[in-house]
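Asker: Protein chains in written order, with numbering that gives the first Met the number 0: chain H, 0 to 528; chain B, 0 to 256.
Keep in mind the hints are simulated off the structure, nothing from the lab. Virtual Cβ for every residue (Gly too), placed ideally from N, Cα, C. Among the clues, some could well be false.
What the hints assert, rightly or not - Straight-line distance between alpha carbons at most 20 angstroms, and here's what the computed SDA-like set of lysine to any residue pairs gives: (1) B:K192 - B:S129; (2) B:K55 - H:R108; (3) B:K55 - H:D107; (4) H:K466 - H:E335; (5) B:K192 - B:E126; (6) H:K44 - B:V20; (7) H:K515 - H:G161; (8) B:K55 - B:Q35; (9) H:K511 - H:L418; (10) B:K55 - B:T19; (11) B:K197 - B:E12; (12) H:K466 - H:V282; (13) H:K466 - H:E338; (14) B:K186 - B:G174; (15) H:K333 - H:I322; (16) B:K55 - H:T120; (17) H:K514 - H:A494; (18) B:K55 - H:E112; (19) H:K515 - H:E276; (20) B:K55 - H:R111; (21) B:K55 - H:D121.
As the list claims (entries may be wrong) - Beta-carbon label-pair distances, calculated as ranges: (22) H:R108 - B:T64: 18 to 28 angstroms; (23) B:V80 - H:A31: 26 to 36 angstroms; (24) B:R14 - H:E112: 24 to 34 angstroms; (25) B:A175 - H:L104: 22 to 32 angstroms; (26) H:F68 - B:A175: 47 to 57 angstroms; (27) H:D107 - B:R141: 10 to 20 angstroms; (28) H:L63 - B:R141: 52 to 62 angstroms; (29) H:G67 - B:E113: 52 to 62 angstroms; (30) H:V53 - B:L191: 50 to 60 angstroms; (31) H:D107 - B:D116: 24 to 34 angstroms; (32) B:I81 - H:F68: 41 to 51 angstroms; (33) B:R141 - H:R45: 40 to 50 angstroms.
Chain by chain, the residues run as shown.
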Amino acid sequence: MLEFLKENWSDILAHIAQHLWLVSISIAIAIAIGLPLGVLITRRKRLRSPVLGVANVMQTIPSLALFGFLIPLPFIGGIGPRTAIVALVFYALLPVIRNTVTGILGVDRNVREAAVAMGMTDRQVLFQVELPLAMSVILTGVRVAVVITIGVAIIAAEVSAGGLGEYIFRGLRMNDSRLLLAGAVPSALMALIADFGFSVIERRFDPDTQRGSRSRRPLRILAAAVLLLAVVLTGYATWRGFKNRASSSLSRGHVTVGSKDFTESVLLAEIVAQMLEAQHIEVDRRFDLGGNLSHSALVASQIDLYPEYTGTSFTQILHHAPITDPKAVYDQVKREYAEQFNIVVSPPLGFDNTFAILVRGEDARRLNLKTISDAARYAPQWRAGFGHDFMSRADGYPGFSRAYGLHFAETPREMALDLTYTALASKQVDVIAGNSTDGRIAALDLVQLQDDKHYFPPYEAVLLVRKDKMLWAPNDPDARAVAPLPQVVGKLGGAISTDEMRKLNYEVDGLKRDKKIVVHEWLLKKGFL
Amino acid sequence: MPESDDNHRPLVEFRDVSFTVNGSRPIIDRLSLQVQHGETFVLLGESGCGKTTTLKLVNRLLTPTSGQVLVEAKATTDWDVIRLRRRTGYVIQEAGLFPHFTVEQNIALVPNLEGWDEARVRQRVRELLSLVGLDSERFADRYPRELSGGQRQRIGVARALAADPPLLLMDEPFGALDPLTRASLQKEFADLKARLGKTVIFVTHDVREALLLGSRIALMDAGRIVLLETPAGFVRSGNELAKAYLETLKNDFVIAP
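Isolated chain H (complex conformation) (with noise of 0.2 angstroms):
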């Protein structure tokens, strides 16, 4: 452990930032919008349930399909912080613009009143009696929306925002206890540190406690060194920023690569990122979208290419009934991507990653089984665990237990894809279905169960690319093409076998190497840089 904080402290730290940074930015945008709101809704009677009740719906959104409406969308949307921060700020809003009401509307009436008596206009009695007196109860408000926010962010990292929450990602797909923490503990830290930080602040604007002013300084010096803290932050982002668009003008063309969120995914499009930057080509990467975020971002342009399985994009995206036919799959693919979307299919890249039913290599020797039939019969007895995935598409799981007449003791556990290998290693489950190039099956001795009725489609490995970033043209100025994007796509033409792409999985989740050290090794050896 002490090692691997030797080894990526920096990578910690710029991430910690990152994370803090994203939160930072979007708790000001949350408490411009809040507390003005707040403030007027105390003086609008009537529109006060109604913006109660927008906040409170947005909160209850999942993040997951928040970001599926706004990538998308113009100016909000797309892929990167700026969606994270749209996000964070619909969740921080509500607690900031529901305690500025509690607050101004727990002044007592006395007081209020007497300041009106006094003479005070409407703003003399906002600013010098009320928001005063409300400021404990609207910073509770503020320390909640920071504490939901800091959590909230780690999800930022399904859209490629940063954040810790690459960090908890990747160790939950790689199985790596040590990524997990280096993502879960700053953030947990981050939320208590704020919590109790905002805790020492409210008691200081608490009426009923408050001392003379010399004990004010303390709270001077904090806000002070906050406000330094987002200087230094924004300036870096900045700066960041600038060098990013600086060097790009130097370069041959742009690709933003996109992936969809586990390791193979990561692996082909790191493929792809390389060759394309061997030939001079500035990459983005666009790593680890989650859910079917990476079909939205190609069809909104915010990437330009990402690996997809033909079965997926028949039964997912194009929602046509399962068949079985190889061929007939990835023609019908490419014709309706090329008409619905602008997208040119690439050439199979050489191996098929359908669905695998595993079940623990012991299992399988001591009941000798070799196909899901031969399975079929132990079911009753048997405990099942499956991705969202499996169990909510068209060719998963109740088409698959209907052509097999499966019936498990109790109804198949929903969790992570990545979780379901170690909840089968540790006898958690009995049977997963996990993916036939997992480099997981060999590293913790899992056996492929043969699909023997054909159930699942096929699910070849292609690209998916854009098609005005494929089509050059050589006399058309204002053409978006990059011109090795075709050449590279073409080189990868069956160039992977389904042994190879397990054997790429393996030295990244089993071996828990670095992804692109891997890709670079393959690459060399394969004589594609």
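Position chain B relative to chain H; hints supplied.
Answerer: Coordinates of chain B only, in the frame set by chain H:
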């Protein structure tokens, strides 16, 4: 306050004033009255009789539904409301001091709003603290919660007097105090107003207080004045409600067997 020519005209006058909330039974029902310079005009009545509403109509915390309230011969609706209120001291039950202000800041509120210079404000605060019988050295930097109820009420009076307003509105200022403190404050206030010569409109439900402090007593019931008399006239009057009030004074001395 132009003293010379206005002294014969009432400082406050109600002309046929009614006040109603959302068309229900009027809280103030066609009320007319005149408050003369320098007098202490007591509004006496049970809760709900409209006495506090009458008071709030004077500094336009409320506006009449019909009729006119005149202050210095000008309708309250024609006054710049901020000017009107700064010329009208206001003292309420529990004082309504600002808990986040020190005693000094509380008293200096209106002078500061009026933009007095700092030295003059400090001087005035010291004067007022000694006027209400509190040592300025000891009390100026305290917060209201560090004071007793009686001390808070003295500060409330000092705050109302700070900018030397010609008119004081007092809404049961001593109502929440214990009987001994109340009695001593009532007596001190009687002396104080005699010295300052302010015009005071004073709301109470305590007939003893009304008799002690009032130049005239207006007995109110259901939004109307049912009897308007000097204290001596009040005691002598045959009004049923007045008699009932006077009965309570006697009852004070009945000791249960």
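Asker: Determine for every hint whether it applies to the structure shown.
Answerer: Evaluation of the provided hints:
no.: 1; hint: B:K192 - B:S129; result: holds (15 angstroms)
no.: 2; hint: B:K55 - H:R108; result: holds (15 angstroms)
no.: 3; hint: B:K55 - H:D107; result: holds (18 angstroms)
no.: 4; hint: H:K466 - H:E335; result: holds (13 angstroms)
no.: 5; hint: B:K192 - B:E126; result: holds (15 angstroms)
no.: 6; hint: H:K44 - B:V20; result: holds (18 angstroms)
no.: 7; hint: H:K515 - H:G161; result: holds (18 angstroms)
no.: 8; hint: B:K55 - B:Q35; result: holds (18 angstroms)
no.: 9; hint: H:K511 - H:L418; result: holds (16 angstroms)
no.: 10; hint: B:K55 - B:T19; result: holds (13 angstroms)
no.: 11; hint: B:K197 - B:E12; result: holds (16 angstroms)
no.: 12; hint: H:K466 - H:V282; result: holds (17 angstroms)
no.: 13; hint: H:K466 - H:E338; result: holds (11 angstroms)
no.: 14; hint: B:K186 - B:G174; result: holds (14 angstroms)
no.: 15; hint: H:K333 - H:I322; result: holds (15 angstroms)
no.: 16; hint: B:K55 - H:T120; result: holds (17 angstroms)
no.: 17; hint: H:K514 - H:A494; result: holds (18 angstroms)
no.: 18; hint: B:K55 - H:E112; result: holds (10 angstroms)
no.: 19; hint: H:K515 - H:E276; result: holds (13 angstroms)
no.: 20; hint: B:K55 - H:R111; result: holds (14 angstroms)
no.: 21; hint: B:K55 - H:D121; result: holds (18 angstroms)
no.: 22; hint: H:R108 - B:T64: 18 to 28 angstroms; result: holds (23 angstroms)
no.: 23; hint: B:V80 - H:A31: 26 to 36 angstroms; result: holds (32 angstroms)
no.: 24; hint: B:R14 - H:E112: 24 to 34 angstroms; result: holds (26 angstroms)
no.: 25; hint: B:A175 - H:L104: 22 to 32 angstroms; result: holds (23 angstroms)
no.: 26; hint: H:F68 - B:A175: 47 to 57 angstroms; result: holds (56 angstroms)
no.: 27; hint: H:D107 - B:R141: 10 to 20 angstroms; result: holds (18 angstroms)
no.: 28; hint: H:L63 - B:R141: 52 to 62 angstroms; result: holds (55 angstroms)
no.: 29; hint: H:G67 - B:E113: 52 to 62 angstroms; result: holds (58 angstroms)
no.: 30; hint: H:V53 - B:L191: 50 to 60 angstroms; result: holds (55 angstroms)
no.: 31; hint: H:D107 - B:D116: 24 to 34 angstroms; result: holds (31 angstroms)
no.: 32; hint: B:I81 - H:F68: 41 to 51 angstroms; result: holds (48 angstroms)
no.: 33; hint: B:R141 - H:R45: 40 to 50 angstroms; result: holds (42 angstroms)
Violation of the numbered hints given earlier is absent; every hint is satisfied by the structure.
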